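The whole structure should be built from the sequences, with the hints applied where relevant.
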Amino acid sequence: MVIKLLTTIFTRPRVGLLCIVALLALPFCSIAEEKVFFDALGREIRLGGSPARIVSLAPSITEILYYLGLEERVVGVTQFSYYPPEAKSKPKVGSYRDVNVEKILELAPNLVIATADGNEPYVVELLEEAGIPVYVVNPRDIEEVISTIGKIGELCGVESRARKLCKALDERLSAVKKKVAGLRKPLVFLQINLRPIMSVNRNTFHHDVIQTAGGINMTADLASTYPRISLEEVLKRKPEVILISCMARGGRFKKALERWMKWTDIPAVKNNRVHLVDSDLLDRPSPRLLDGLEVVAQLLHPELDW
Amino acid sequence: MAARKGELVGIIGPNGSGKSTLFKIIDGLLRPSQGVVYLAGLPLARKTRKQIAGQVAMVPQENYFLFPFSVKEVVLMGRFPHKGIFQFEGDTDLKIAQEAMELSKCDHLGDRSIHELSGGERQRVLIARALAQEPQVLLMDEPTTFLDIRFRKEFFELVSSLCSQRGLCSLVISHDIDLASMYCHRIIMLKEGRIYAEGSPTEVVTSENIGEVFGCPVLVDKNPVTQTPRVNII
Amino acid sequence: MAVSTKPVNLIRVIKVSGLMTLLLLLGILGALLLGTAEVGFRDLLDLLSGAEAKDQMSYLIIFKIRLPRIILAGLAGFSLSVGGAVFQAILRNPLAEPFILGVSSGAAFGAVLGITAGLGFGFGIPACAFAGALTTVAIVMMIARRKMGMESATTLLAGVIVNAFFTAIIMFFVATSTDDRLHTMLFWLYGDLSQSRMSESLVALPVVATGFFLLYAFARHLNLMAMGEEAALHMGVDVEKAKIYCFVAVSLITGLIVSFTGLIGFVGLIVPHILRMIIGPDHRLLLPASGLGGALFLIWADTLARTLVQPSELPVGVITAAMGAPFFIYLLRKKGGGHWH
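Protein chains in written order, with this note's numbering: chain A, 1 to 306; chain B, 1001 to 1234; chain C, 2001 to 2341.
Worth double-checking, as some hints may not be accurate.
Here are a few chain B residues that sit away from chain C, every Cβ distance over 12 angstroms (derived from the structure) [what the hints assert, rightly or not]:
id : residue
1  : K1024
2  : G1035
3  : A1045
4  : R1230
Below are the EDC-like pairs computed for lysine to aspartate or glutamate, each with C-alpha atoms no more than 20 angstroms apart in a straight line [stated by the list, open to error]:
id : chain 1 : residue 1 : chain 2 : residue 2
5  : A       : K236      : C       : E2230
6  : A       : K35       : A       : E128
7  : A       : K262      : C       : D2055
8  : B       : K1047     : C       : E2240
9  : A       : K177      : A       : E154
10 : B       : K1050     : C       : E2038
11 : C       : K2064     : A       : E294
12 : A       : K270      : A       : D291
13 : A       : K92       : C       : D2179
14 : B       : K1105     : B       : D1093
15 : B       : K1083     : C       : D2238
16 : B       : K1191     : B       : E1208
17 : B       : K1222     : B       : E1208
18 : A       : K185      : A       : E71
19 : A       : K238      : C       : E2038
20 : B       : K1222     : B       : E1198
21 : A       : K255      : C       : D2043
In short, the hints are calculated from the structure, not lab data. Fair warning: this is a prediction, and the values are worked out from it, not measured in the lab. No residue lacks a Cβ here, since even glycine has one placed at the ideal position from N, Cα and C.
The following block contains the structure:
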């Protein structure tokens, strides 16, 4: 074998040069070797280098990727990835409930990031079978959202940038916690749907925002994650603050606010503490959750100076 | 064709010859493409459904009893042409219905549900209902289909007496040619939508006519007791 | 029991209607007492008699939440039940109810469009639902009406096909809607009496009353038409006219009601059957009885819907389906078999 090689080097100089370069490069390859990560479900993901083609399977993940400055690497997003607005122009791979696996395969990504809550497991399995690494995230509250941002940053090879951003987010979180510490917590009713009236229980980001902002979620202990609740019940429980989570557009939410004004027996109405909050700030595990936290904290504790 | 007060006319003919259609035209359900129907001298086309029903009553061949009305209630339905929109049935109506049921020999069934009755009993209830309409013309489409021999005879006796005593004009479609010949004043024989023969039973019910119209070779002789035509299939 | 010994007269109608009205009033009283918030019997009497409320909350709950809801439920139950009785007679089909001829799918289609467009429940969505209901009814009538008029079998078939078509379209919207719209749609598609307002009942009341009056004028016609269309014609009924008037009247009333309450099934199917077994098939008695019985039925179904899974609420259509079917089976077995030909 070696004799043959030496013969090739001396009889065909170009080929020989290539072989020598390859031999010399070997030690350097060991530096760009596979990295191993563990996702939120404990699954092992091996990546050979920073992924250059990433597909996001949830709008919140898209937001995080843009937040980390990775927009050029994003090659596919799900429908309704409207934030930031630039994300709208990216190729679509279906909706996060109904992912189009074929489209993903067409895009040939090196990494797909999925959520445990929302994406179907079979999508992950199919992609794994196709040899595409899938990293599953599953943040349950604000702190986990921040740590997820950090992990994604690590995954994609921008650790230092991620660390800086996460530190800023952590500071914002601590600032709010400090400000509302020790204050009396008002009873808060968060309405996420107009008809039927629906709220949120403790298994939601909304709940974490309310609690961290120094409030008590009125429907925390109901069984269903997005429980339907009767008007009578709201009257009975007398919330001190009513937040209506709505999409930024839509005059009908103004109407909802007006409708609450009729029930002057509710403390929130009597004291004019019925507010509209942009639902995007409360319902998804993205950096904007911190914006939501700050907005809600101001609404719950207007007595402080913000 | 014409029919007079007190006349019992038998309509005979093969299947599809237009007997039921004829009745529908007389009752105003269908418009004739040619010709006019006159009822008691007035053209039928000018009358409303209700007006016609007050003069012409029909006992249909097929019946549909969706709900369990009582016999009395079914018979009272015949009073419809004579009642206004929100009017309920009064004593006169009850009397007329009662009389109709007596004539038709079903008054003993008054309170029973129509679902409980046999085919023959139902037939009598429907006749009573038609009579309750107080019609001048009675149309009956193969009314003896479900009746046994005795009730068939009783039926024709009843209709015959109604005609003679009450001046009713009755037209009866029947496949029972012998019986029709026995009781009817006149017979009209239809073939392919046209009148083939018209006249007294003896004139119309002949071997040639039956053979020609029904396409079935028969021998028509005389019933030894009643002296009316009798059809024998050969 | 199903067979009356004496034919119907005005006195009987008044007696039966009076009895059922009394039951209805008692039912309303009971429904006012139940709910997630506590309102005692004494308090209720005080409030109803106009005395000062013990606390503002009780007043609000009784007069602004429960009473409007109960009244709308009553009107809806009344209309759906009367509509069911009328359609069963006209179509001579035991499974007929107002929804079978396209009113429901049309209204649902309109409402789903309205919800997707982000309209409100004050005026926008009910208007769309009503428009949808009338459109489908018109389509069904056009399909079913040929030279010879509206044959029952053809009309039924046309209604079923139109229903299927619109249901498919509705499913498309449901499948592609965002989450917030979806919940609203699903709740509406199974009947939603929450947040009913007095204004809705005030609009519905004269329409329902007029419609009922018109239908009652055809009560005797319905008796005869149940004997078969030809038989009815022979007895003097202008069957085509009766069918069209009744069809349009029922569709108008149910279209309006559905636009306020969403789709509530089973009432028009179950209640007339039950009442027919008890008081007989004469429509002069059956129409008012079905109406009042339907009102009571739906008021109680809605009471269950808002108390069974407190503090949450179920769509009332789920209750009518769950309540209606087994009760009907029980009654059927007790009376020993059906009365259908």
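Could you check the structure against the hints above and give me the numbers of any it violates, in ascending order? Hints 1, 5, 9, 10, 11, 12, 18 and 21 not satisfied by this model.
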